[in-house]
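Turn these sequences into a full structure, and let the hints steer you where they fit.
Quick mapping for you: the protein sequence lines, in order, are chains R and V. Per our numbering, residue 1 is the first one in the first sequence, and the count goes up by one each step. Per our numbering, residue 1 is the first one in the second sequence, and the count goes up by one each step.
Some hints could be false.
Unchecked claim - Here chain V is said to cover these stretches of chain R; the calculated rule only asks that three of the stretch's residues, wherever they fall, bring their Cβ under 8 Å from a Cβ of chain V: (1) 34 to 45; (2) 62 to 73; (3) 174 to 184; (4) 204 to 214; (5) 279 to 293.
What the hints assert, rightly or not - One side of the interface only, derived from the structure: several residues of chain V facing chain R at Cβ under 10 Å: (6) P110; (7) A196; (8) Q200.
Unchecked claim - Partial pick of chain V residues on the chain R-facing surface, computed with a CB cut under 10 Å: (9) L36; (10) N223; (11) A265.
Quick caveat, the hints were computed from the structure, so don't treat them as lab data. None of the values given here were measured: they were computed from a predicted structure. All C-beta atoms in this analysis are idealised placements derived from N, C-alpha and C, irrespective of residue type, glycine included.
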Amino acid sequence: MATITAPQDVFIKPGRKPPQRARRWTRSRLKRAIPAWIGIVVVLAIGIYPVFWLFVSSFKTQREFVQESTFAMPESWNFDNYVEALTTGDLARNFLNSVIVTAPSLAAILVFGLGAAFAIEVMVWKGRNLTLLLFLSGIMIPGQMILVPLFIAYFNMGISGTYLPMILTYAGLGMPLTVFLMTAYFRSVPREIFEAATIDGASMLRSFFSIGIPLVRNALFTVGLVQFLSIWNDLLIALTFTTNPDLRPIQAGLLNFSGEYGQVNYGPLFAGVFMNVFTLLILFVLLNQRIMKGLAGGAVKG
Amino acid sequence: MKSVLGDKKTILILLLPAMLLYTLVKLVPVLWSLGLSFFQGDLRGFTFVGLANFSKALEDAELHQAILFTLQYSLVVTAGQILLGYLFALFYVFVLRRSSAFVRALVFFPTVLPSVAVALLFQRFFEVAPQTGPVNSIFNAIGLPSIDWFGAPNTSFVVLVVVALWSSVGFFALLMYAGLVDIPEELLESARIDGANGLQLIRRIVLPLSLPVLLSATIFSFNVTLKVFDTIYALTGGGPGTSTQPLTLYMFKTTFTFQDYGYGATIALVLTLICLCVSLLIFGSARKDRTKA
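Structure (structure tokens):
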């Protein structure tokens, strides 16, 4: 038995590359490794240093900003700047606004976008290609083009002073990319699965919920992340549709931050910016692989 | 079977919410905006002015400057993103090999940061007074005088490009890395056996094979940089004067600061046309190349 299975293993796992020989640190290898290490160090320094400097600065006092060297470490590590940013600077309010606006927009984008993608790609009807094309045409048109009419429309509807204009706009703007990506994912699902479900007596709505959604769960997560980032990081829509400062999401709020005090109040400003960066840093550390794949995938296809 | 797959009611239930939202928020406003460019006015009412907005656009020096700046910015940043991104991708694939995951993630990280936060950070990074920022401090340390980066158009432009590249190169590097990884190892191996050195390998094999990725990255980059808003709004506000004002910012100011909605719509239309032209131009030239080959 053993004599049969052993050679089979070799065939089952055809190593694409021959096993690497043990690395010996010859002179030529060292010569090649040094530039690589220098490259890595330079790249890391450029990538990390600004964020590190931001972190350190967020603990400094106004006096330290003006008098001490910009490279100096702060004298104490207390959170006064953070407290001031959150309370006097109203960043806590802005943060909450961002959550209030992002959550429903994202939910609408994912639920409605997924449904539309399913209807377009899995179901059979006349004009579905045209519908898809209609959705896609939206990707090319800049957001600036729709600002003025929407502003007028929201004003006439009397919803200008609420969260609704932002939520509706984000949800609508997120639709093309979501529909486009999700149809691409549904395309790779074998039709037979849905046909079998139909034969078993499932309605299409049932198929959508019990088969369609679970099958593209991973893709849905990716699209959700991409959309989350674009809504959370948006400035244009937030700035246009919040005439009332109490409704401002985090990006628009942060912007007000540096000017509102008249003279720049460095500590709270840095604390505010760092909190903003830190939120996304946490997200990135947790979901790094998915975010990278999602953003790259979205760009190649979109 | 067919009747179930083509069940009209289900299609409506699934498609309608998305279609409705999309139509009301994007399609209708686009047409509306087209119409608005023939009007003048604000929330209190509009009057039909025919082609007045367009003839105004032809003579508007600030608009011309904005168009020029937008194109210049787009061109420089796109070139930088593609070139640097490609270099990074080559570095990942051929120098770091399989251990590049950590470096890739780190270089990519700025991509997820909000541009407002990045802009405010770099505003302080390049600052002269009251605090000398790190950049000027380094200049002083090696004996150079401080530069008032935001005081002159040229230096402001440099900062804008640096910030744009810092926050996006990781993304483009990743995009092109994905393209490079797809190149079959056997092809590279056989070229190596035939005696090709590193540079020849890149020029004769890697570069031609990564052309499709380079092309889609270029289109994507132009599409985004032509619409640049956040970074510039937060970093220079278009200044000094209007020297770093892109079309998007000019449109925003015209509409919401000066309340000239009709002309704002006209500027938005100009931007849309430029975006379309650039995309068609790149697509067109790419198609021509392919028929030649």
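- Hints violated by the structure (numbers, ascending): Structure breaks hints 7 and 8.
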